[in-house]
Structures are given as C-alpha cells and as structure tokens.
Amino acid sequence: MSKMIYADNAATTQVSQRVLQKMLPWLGQHYGNPSSIYGIGREARAAIEEARSQVAQAIGANPSEIFFTSCGTEADNWAIKGLAHTLGPKGKRHIITSAIEHHAVLHTCKALEKEGFSVTYLPVDRYGLVSPGDVEKAISRETALVSVMFANNEIGTIQPVAEIGAICRKAGVPFHTDAVQAAGHLPIDVEAMNIDLLSLSAHKFHGPKGIGVLYIRKGVPFPTVFMDGGGQERGRRAGTENVAGIVGLGEALTEALEDLPEKTARVTAMRDRLISELTKLPKSHLNGHPTRRLPGSCNISFEGVEGESLLLLLDNHDICASSGSACTSGSLDPSHVLLAIGLPHEIAHGSLRLTLGDLNTPDEVEEIIRTVPQVVERLRAMSPVWEKIKDE
Amino acid sequence: MSKMIYADNAATTQVSQRVLQKMLPWLGQHYGNPSSIYGIGREARAAIEEARSQVAQAIGANPSEIFFTSCGTEADNWAIKGLAHTLGPKGKRHIITSAIEHHAVLHTCKALEKEGFSVTYLPVDRYGLVSPGDVEKAISRETALVSVMFANNEIGTIQPVAEIGAICRKAGVPFHTDAVQAAGHLPIDVEAMNIDLLSLSAHKFHGPKGIGVLYIRKGVPFPTVFMDGGGQERGRRAGTENVAGIVGLGEALTEALEDLPEKTARVTAMRDRLISELTKLPKSHLNGHPTRRLPGSCNISFEGVEGESLLLLLDNHDICASSGSACTSGSLDPSHVLLAIGLPHEIAHGSLRLTLGDLNTPDEVEEIIRTVPQVVERLRAMSPVWEKIKDE
Amino acid sequence: MMYSEKVLDHFTNPRNVGELPDANGVGEVGNAKCGDIMKMYLKIEGGVITDVRFKTFGCGAAIATSSMATEMVKGKTVEEALQLSNKAVMEALDGLPPVKVHCSVLAEQAVRAALSDYYTRQGIDPEPIVGKIQEVDHDHEGSCGI
Amino acid sequence: MMYSEKVLDHFTNPRNVGELPDANGVGEVGNAKCGDIMKMYLKIEGGVITDVRFKTFGCGAAIATSSMATEMVKGKTVEEALQLSNKAVMEALDGLPPVKVHCSVLAEQAVRAALSDYYTRQGIDPEPIVGKIQEVDHDHEGSCGI
Ligand SMILES: Cc1ncc(COP(=O)(O)O)c(C=O)c1O
Ligand SMILES: Cc1ncc(COP(=O)(O)O)c(C=O)c1O
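Protein chains in written order, with my numbering: chain A, 1 to 392; chain B, 393 to 784; chain C, 785 to 930; chain D, 931 to 1076.
You may find that some hints are simply not true.
[Claimed, not checked] The calculated lysine-lysine pairs, modelled on BS3-like cross-linking and capped at a C-alpha distance of 27 Å, are: (1) A:Lys114 x A:Lys90; (2) A:Lys110 x B:Lys610; (3) D:Lys973 x A:Lys388; (4) B:Lys506 x A:Lys110; (5) A:Lys280 x A:Lys388.
[As the list claims (entries may be wrong)] Listed next, the stretches of chain A that the computed footprint assigns to chain D, with coverage defined by at least 3 CB atoms under 8 Å from CB atoms of chain D: (6) 293-306; (7) 309-321; (8) 345-357.
What the hints contain is simulated information worked out from the structure, not anything from laboratory work. A virtual CB, placed ideally from N, CA and C, is assigned to each residue, including glycine.
Turn these sequences into a full structure, and let the hints steer you where they fit.
Right under this line is the structure:
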C-alpha cells in the first residue's frame, strides 16, 4: 500500500498523526461521560469546550454558537428541517437551495416537500455557479431559509457565499451553507460572509469520520431540536458526546488552518498541472470553474469512456479516484451536478474526479499524469462509443 | 488516577483494549471511504459488514436488519419518529411507552405530541415494572407502536420484554425496545422476545462513544428515514460511516457476550454485597427490583442527604458514582424514574447510583462499602432535614 | 457544569458548620422537595454578629454558599449583614454555574431569616427592616423556582 | 458494492475484446445515456460460432459480462448460444452486486442482437427465433431501467 496514490480527498482524508494523538486519551483512560460530576467527567467536559472554542475561532463565531453533530449530513438535516419546522408554523413554508447541493441537502429538501414545503432549486451556470441575483429574485415573504453550499464536492466550484449572505441578511432570511468541502480548506468568516448556519464535517480535513458541527448564529430563529433526548449540547442536541471525535475535530480544524496560504498554494499548483496536462487528451473537458474552485479539486470528462471502469483501472495502478458516474452509486443516472452544469448524460458518465490534498506530492501528480492517458486510451480502444465520435 | 474506583458503568464504560486495537487501523492507514470503489474503500466496506454480522449474531437478527446510527439516542429518535411518520398518515397516531423511559424516548414522544400524536405513558409499580396487562389494555386500533425499555438506566429494573413482545405481536403492533442498558449485559434474542425494533449504544459495553445501532425487523413497517442524504446503510441512514466506531461497536458487543454467564455471576455477587451492606445504614432504601435488575446496578436512597453533595464527597474519595438528584442535571426536580416508582421528592433527592462492571473488583466494592457510610454520616451531621427525621 | 476551586473548597471544608445552642437569631429557608434547605444560627451581641453556624441539606453549591455566607457575616454588624447580597456571595466564590445561582439566593435568604428571627425576639417587627422571607416549607406543593 | 474476483479478472483482462472484420453477425445494445453500450461481433460457420469479439462502453460489470458472454458462446452452436441467459453469465462470474444485474441482461441481449443480425443476413426473419431486441439508442430520452 506504500505506493498508493490517494487522490480522493473530497471523499475523505486520513486522520493526521497530531489529531490521532490528541484523540487517543479519550479512547483510553479518560473515558468519563462529560455529563458526570466527578473528575474524569469534568475533564471530558473541558476537552469538549476546548474543541468548541477551536471551531468557533476557526470560523469567527462564538463558542456558544457551535453544536457538535454526528456528521455533516446531520448538520444539514438539522439546519434545514429544524428551521423549516421552526418557521413553517409561522407561514414560512418555502425553501431556496441550488440544484447542485449534496444529497444531504437535496434529499432533506425532498423530505420537506413531502411535508408540504415548497422548494426552489436554483439553476447554476456551466461552471456550477449560483447567481446571487437568482437568490434575490427567489426570496419571497414565505421563504424560511436559503441553503447554498460553500463549495461543491464534485466539481469544486466555490459559490459567491458572501454575496448570497448579504442578500439574505438584507431580506431577513436565514442563510445556511453546507461548508463540508470548504471548512479547513478555504478561509471562512461567518461575520464577514453573513452566514447564519454552517455545516462542516471533520473527516474532510484530516479529522475522524462520524463527527460534524452545525454553527447557529445567535439571534437567528433556532432550528427545532433534531435529536431529542438528554440535555447534552445545552439541551439542543442529545446523545452522549463522542468525546474523542469532538476533540479530533477541533484539533483537525486548527491544524488545517495553520499555514493555510502555503498549503493552498502548493495544492493549487499541483491541481493546475493536473488540469492542464489531462485536458490535453483529445475530447476531454474540465468540469467546474477554471479558477473559482477548491484548491485540490480537478474534475475532467473523457468522452467515450465510462467513469467506473476508469476508476477500476486506476485502482489497478494504485490510484484512488472518484467519478461522477452513477454506476458507483448503483443508480443509473450520472451525477446531478454534472447534468446541472449542462453535460449530456453520455459525457457525464465519463467524468473523473481527482481531489488532491496537502499530503499529495508533485511526484504523485506526475504519476497520475502518466497513468490516466494510458487508461483512457485503453478504454477508448474497446469503446463502441469512441469508435463513433473519435473523428467527429 | 490509579486508585480511582469507577462505579458509574451505566453512564459510560472504558473502551476495552481489544476493541481499541481493532479500531486503530481505521483511524490510521485504512482511512478509505466505504463508498469508494478502490482498495481502501472496499476494505472499509468489508469491515463494516463484518461488524454488522457481529451485531446481528449477538441479538439473533439478520445482518440486513442492522443499521448503524450515531448513538442510542439517534436509534430511539429514528425508531419512534420514523414509525410514527410511516404509520401516522395511515391513521395510527397513538404511541405507548412507559413513564420511566430514558429522555431519548420520552422527549421524542413529547416532540411527537406537539405534532398531534397522542402518547400513553404507562405507570410502573414500586419496583419500576411495567405491567404487560397495562400494555394490552392501552393498545387500540390507532396504536402505531409500543416502546418499552429493556432495562432501566437509573434503577436497573428489567422489564418483562418477552411478554410485552408477545402481546404486541398478537395485536399486530410494532414493538420497539431501548436496550441501551441491556445490550452486552443481558442475553437478547429478538426472535424469542418478539422484538421488532431495538436500540443499542456501544459506549455502554466497552465500545466507543458516538456509535449505536437500530435493529429493524424485516417485514415491520419501515420507519421513515431520519437522516436524509447519501445512500449509506442501503439508503436508510445517510452520512459517511464512522468506520472505526462501527468496527469498535461490533467487536465490543462480541467481546461483551463472551463468558457472559461468568461475568454476570461475578458482577451480581459484587452488586448484592453492595446492596446488602449499604442498606444497613438507617433510613436507607434500595430502589428498583431486588432481583429483576441489571447485574451491576445498585440504587439506594439515603434520607436526609442530597445526591449531588454525596457524589462530590465520593469524588473526593476517588469514587465515581451518579445520583437521581436533578441537581447534577441543572433541573430542580429529581429523577422522573424515582418519582414514578413513588419516591417522595425529598427522598428521591438523596439517591445514589452505583453501577458496577466486569472491571470492578471485590476490593473496590469493600472500599465503597467503607466510604459511603462515612460520607452519608458526614452529610447527615450537617443536614437540618436529618436532624428532624433521624428519630422518627 | 463546573464548580470553581473556591466552591469546591467551601464544599469540602465548610466553615462554621453545626448548631449554636446560644444563638439568638435562627432562620431556615428552602424546601426539601427542591433539594435545598439551609438553617442559619446567629449569635448577636451589641448589634454585632459574634458567632454563626449553619446546617444545610443540599447540593455542593448550597453547602458552599452557606459556608461562604457565614464567613461574610461573622464579625459584621446587623446592618452590614442585611446588605449581604447573593451576588456578593457568588462573587466571593468566584462564580457559580447558572443553574446554581438559586443557591446563592437561598444563602442570602437564610441570613435574612435569621436576622428576622433576631428582631422578632427583640420585640421588633422585622418586616419593615428585613423584608418578607419565604419561610421553609417541608411539604409545599409549589414549584421549585426561586 | 463489491465485485467478485472473477468479475475483476474479466474486467482487467477482458477476453475477445476488439472488432471482427469478417463477422457475419453484429449486434449493439444499450444506451450511452445510461452509461452502457455493448457491441458484439460473431463469426458463424456451419451453425457454429467460430469466433467472437466485443466492444463495450460501460462500467466494470458491463465489460466483465461482455467478456464472459463471449467466452460462453465461443465454439457453441447458434442454438446453444440462443440459450445463453443473463443468469448463466452472472453465475459464471460468481455473482454480481444487485445494482449491476442489468449488465448481465445487456450481455445476453448483445448476443441475441448479433444472432438476430446473423439471421437477417441469412434472409431469415429473426423475430420468431430470437425474440424482440431493444436496439441501441444513442439519443433516447427514456429511462435507463432495463
Ligand atoms: C436507557 C438509555 N437509553 C438511551 C441512552 C442514550 O444513549 P446515547 O447516549 O448513546 O445516545 C442511554 C444512555 O445515555 C440510556 O441509558
Ligand atoms: C458537500 C457535502 N455535504 C455534506 C456531506 C456529508 O458529510 P458527512 O459524510 O460527514 O455526513 C459531504 C460529504 O460526504 C459533502 O461533500
């Protein structure tokens, strides 16, 4: 496994050594329940509060505005269902989101549609950008919230979050952003960006899986409780706290933001080389915005090949990557994101997502640049589709 | 901390070494996302499926009936809200539960009451037992589900789960049991006991915090999805899987059930000695059933003292315990469980919960037996309440 | 919920705990149902509190605030003791968790109840001086909110 | 979703991949929108399939089932080839994940489409023999369910 090249950092990341070391005591001798009054309980409570402060500081919030959840998905569910249920009874039964959200947002909105809420799915342009003007036009007196993701997990496009935040603030509509792909990778300031609710998930920035955060600005209508039960998280999110996970999240976010400009520059350079080399292949296209994209995110369609088989062959070369082909997920339709930016189905099926992180090296990038064309050519050679389009 | 005596195993338990060792690779090199197609993704998927089989085997279920959640609380929320939302639209808008459930169940039921569901909170006798006859009488054609806990977290009373299960089966009403305190400590067989849904949580049996399970019998109406999003857990519970937690849960449950009769005998003997010695103190009473109780669970009220101060003094003696006094939780009312079994408020405030586990030793028990009376006497000496009642 | 070092110290080593047989002002406040009863004994000579004791049934904060209150009134004149506020007790303890603030109110009330008893014993109507005290109620059915 | 060793082998080393210039039965099924197109070339001599090739655009299972299907019909009579079922292809591959079963159906259909073409070239109406084949459709707008 030593020579494995991991280029799927948008799917998940490796827990950093520093984070793991900080977590271990809480999986060992320091096992107290944070609600307990005695020593090892109080210690656990203090560790959680330290992590809460770390998160608050990372996004410019107050610790009392940070709530730990079990993942990014839970944060999204809580924010959107919670606000809908708080404001729905007050006649606000309309939600605005975008067509390219993660399923944690889209399927949550679908569930609310079944409850009678109406949802506007804003279109995006061919780069995957939501237009702030569209948000403004969509807002009505019935709008309970706007939820637009910070950056897209498939194509990496970074939304004009601050502009959308300003519009929502002016309209008095709470603004939620799914920052699961952005947190730890892009600077976030909930004040400057007028963000009212924000979701993040530790495993996307070298923290553990199964722990997330919902930031809820003081003063915005509070989302109804999603997880009912004990008094944890000041009575807002029940369940015995995942202490090790929380400690890991706090440390991972802190570590991720250290030297961020340096890391960003390094990762961006690798990404840009990947993009410029791989798009040299005939009939290949970059998906997403050429510059307003996540530092590590590269998504390219290769006409005439299908994504899953591309991934399997890359796996044979010890390269871990992902695709917008739905084959991997079992559905037969390709990614809703690629369709939303206007790709025809057959091209969407042939997309390759390579997402780099700060642990990747230029050598690995060169290896990817050598391997991908071989693999694409091999599949094209056996593709009846390529046979037809290659000379078009 | 070496001499600390941990007697709060109902609050949480230490992760076992064997469990931690099995978890570590999944926090290290084996960090793949289980949805990914390449090697480290497939490995993670296989590890999850192994854990699913472990859980299934432990409770006599099929792996396809096991769904991982972020904690016991989530399992309870999903089971109860989910079934209510599946069956409510079919005219079944009534829920039966008991007065002594954990808040994860009670507050979930309260939330459903706000949505218009009606809830029957069955009373319990002075030992904390629900009467199966009461369940039978409470069932109507509108009943969507019955939820009665397997064993109580405060007083340890074990419910007649199989009898209740049989009644629900006959009536065709789904039966959910919160087995968070029972799993890993009592034999559970969902077939023999006619259990349709069951919640459990790893940190109560030497697994990690922040991971639980909901068992859902094949064929019972499926609870609506609680966590909407990606296709994880066969589309039923979204969110990137907490692989390390899931692996830890499976291993912990397996380990807990190894040599269970031997461990139960050992823990029960320690518990019984604790009970017989501590109830020798004047005006002290055992709470819960004398024999139908969790092996490690001891709950005693000492009149004239208040629980939190008892805990703090015990903490000064390095003994970790818990209490039914609400002071610890910030509310001013004592535990709803102690009130439900008929304790007057002032006596309920003076209850001490000591919950032993298989890591406790007879020496520790003797130390507790030496210390508790000292501490009780010290508090009674300064108690204006004791002054009045001591000679009654 | 976390207690300050000071609270834990006063809880673990409470000052002036016990009874005072020759007390000439005794007050008891709180409610067993709510889990807190404080009884305060004052010995007042020439308008000065020369000795003080307390007994408390209650949580750590209840014991610590009682203890701190006794320290704060000992050696003080009756007029000074009447100025004792729950805020001052809390500050002297380096704060209390929000859910425990009511304990400091109880401690203030216990001192006032004892002073009230002292005035009554002197044949003076305490109410204009001390204000109304919520008497201890061992069987009351009301709420526990203070 | 996990592939068997056999599937991965046939995907990684597909048998009989390519075109067959002298094929006398060629069929293409599937739909680029759905992400799967299979093209099957048969050379049939004296009622026996003496050579076979395929080209596939599709996922791992699509390639593996095509490859397996070519192996299973090679050397067989036309009648035997007509008996090839998707189940047999699946079993030969030690199973497929449930979401990939449609690929084995597609492989079966590809063989039938090629046989259908063979009959047509012989001047025989294929439908009574082969049944109806869903032709390849590069621009269809319908659903991808098979
Ligand atoms: C009976 C019971 N149910 C539910 C829970 C909740 O479990 P968790 O803390 O894992 O959410 C607990 C313990 O906290 C419990 O004792
Ligand atoms: C944009 C986005 N939102 C939400 C999620 C869900 O996060 P989690 O898997 O932690 O629930 C993900 C990743 O899976 C994501 O990329």
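To see whether the hints hold, each was checked on the structure:
1. Restraint check for Lys114 (chain A) and Lys90 (chain A): satisfied, since their Cα atoms lie roughly 18 Å apart, inside the 27 Å limit.
2. For a cut-off of 27 Å, the pair hint linking Lys110 (chain A) to Lys610 (chain B) stands: about 25 Å separates their Cα positions.
3. For the given pair, Lys973 (chain D) sits about 22 Å from Lys388 (chain A) by alpha-carbon distance, which is consistent with the 27 Å threshold.
4. Simply put, Lys506 (chain B) and Lys110 (chain A) have alpha-carbon atoms about 23 Å apart, close enough for the 27 Å limit, and the pair holds.
5. Taking the CA atoms of Lys280 (chain A) and Lys388 (chain A), the gap is about 20 Å. The hint holds against a cut of 27 Å.
6. As drawn, the region 293-306 of chain A meets chain D at 3 residues by the rule of a beta-carbon pair under 8 Å; at three or more, the given contact holds.
7. A stretch counts as covered by a chain when three or more of its residues have a beta carbon under 8 Å from one of that chain; for the region 309-321 of chain A and chain D the count is 4, and the coverage holds.
8. Three residues within the 8 Å Cβ limit are the bar, and the region 345-357 of chain A against chain D gives 3, so the coverage statement holds.
Hint compliance for this structure: no hint is broken.
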